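J.: Between the sequences and the hints, there should be enough to build the whole structure, so can you do that?
Chains as they are written, first to last, in our numbering: chain A, 39 to 420; chain B, 2 to 106.
Since the hints were derived computationally from the structure, they do not count as laboratory data.
Here are the in silico distance ranges between beta carbons for each label pair:
#1 B:T71 with A:E149: 49 to 59 Å
#2 B:D23 with A:E267: 27 to 37 Å
#3 A:G331 with B:K36: 55 to 65 Å
#4 B:Q90 with A:G140: 28 to 38 Å
#5 B:Q90 with A:S374: 46 to 56 Å
#6 B:M2 with A:P287: 34 to 44 Å
These numbers were taken from a predicted model, which means no experiment stands behind them.
For each residue, glycine too, the CB sits at the ideal point set by N, CA and C.
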Amino acid sequence: MHKHSPVNCIVPPYMLKNIATSGTPVQKNVAMETLKLSAQMRGQRQALADFSAATFRVAAGGKDRVVYDARNGSSLPGTVVRKEGDGPTADVAVNEAYDGSGVTYDLFNNEYQRNSIDGNGMRLDSTVHYRRGYDNAFWDGEQMVYGDGDEDLPEDERLFNRFTIAIDIIGHELTHGVTQFEAKLQYFQQPGALNESMSDVFGSLVKQYQLQQLASEADWIIGGGLLTENVNGVGIRSMKEPGTAYDDPVLGKDPQPGHMRDYVTTISDNGGVHINSGIPNRAFYITAVELGGFAWERAGQIWYVTLKDKLTATSRFQDCASQTYQVAGQLFGAGSVEQQAVRKGWAEVGLNVDGGGTPPTEPGGGCLEALLRMIGAAPAKR
Amino acid sequence: MDVERIKFERTGGFAGMTIARDLKPDDLSEEQVHKLSELLDDLEFENLPEQMTGSESMPDEFTYTITVETRRGEHTVVTGDASAPEKMQELLQFLNRLARKKKNP
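T.: Printed below as a string of structure tokens:
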């Protein structure tokens, strides 16, 4: 369960860091003070120093990847083991992190004219071999972090392989970085589930782009190959049929809904961000298959522009439905097959694109907006 | 620290799967109990703030809720991978391993 402190209850550190980097002098001061307070509360005296170093590690050119090895420790980023232009190493996780972040960069750069996570050539840092027996991967606001799964358990007890094994996981984590610089969707309830869904959408597109697969050929599975042979499952999530990725005596059953009527209300997992993301995931899948061809072209373009130009920190599913429909109209024309495909995609998960935006009624939205207004940084994208 | 029970819950993560375990000294080896006590004592667990998270979870990080029960009462700490201080990482790893091993009884 995630709880919020009364002071810095909502504004994520990455947003504060963005404001501290690019805001007006007054905004920078307020953001830096809040960051200091936050760092003190967490006992992370090093946080601000780390941030200062990280903020300025921006490359002027194009693709620039660095892979680090945590050597089973928890200190980030770890030791440099492969830099841009270096040949493959003997370590498969290092090479997967390097290659996967490269394909992700290529998709965003070639198809959406986006130069890296921040749109400005930001270096792509990945750390592999994080801790021991760490069955997870995450984006820490500055870099990707990958564990080796259950490598420390006896083989017949292992459930997870290394997290670099699936390229869509790499694309997923990097897309969290893109979202951090664009819509800044707060990681809680519906905005958080949209944040997760955007990462699944572009994660899956990275895999399809690498394989040059048509929408009709793709498996639409997130995390394929991640589960070991001991598990009855094909991956972690299915965008095509949410709720069917695994059904296992140890792991349980995939809990994702694929329709609004099955929306799960919970306080766990930041309000079910990894659960309810099944709904917008399926809307994208239906849109892409309806359009046919390569999913990253028209469907991906509509979702990317929506993420970049329309969604804000507190956007909800209905907002995303309405805005993807608007964007499809702007890009391809009112009444176009693209716009009709978007309408169908959302209709099949129980959302009407004509429904208009819904107010952010979930806890926290008001606090976030109040603080952003206080420092004059409220999103104004619509 | 004379631990009577530890309630460990791990939520979130890329897979979004929750692990919740009740760990009692009787179910652990003597070595494990000793190690746990040592880690908790080093951290002065009962004096840690209840919230050791950032202002918001980082995408896909695990969130941990750890409740330690002793004769004197219980104390709960909530923390995350990215926000947990370095000195707490060993305890998280240790509890993670105990909890994951119990997946296959």
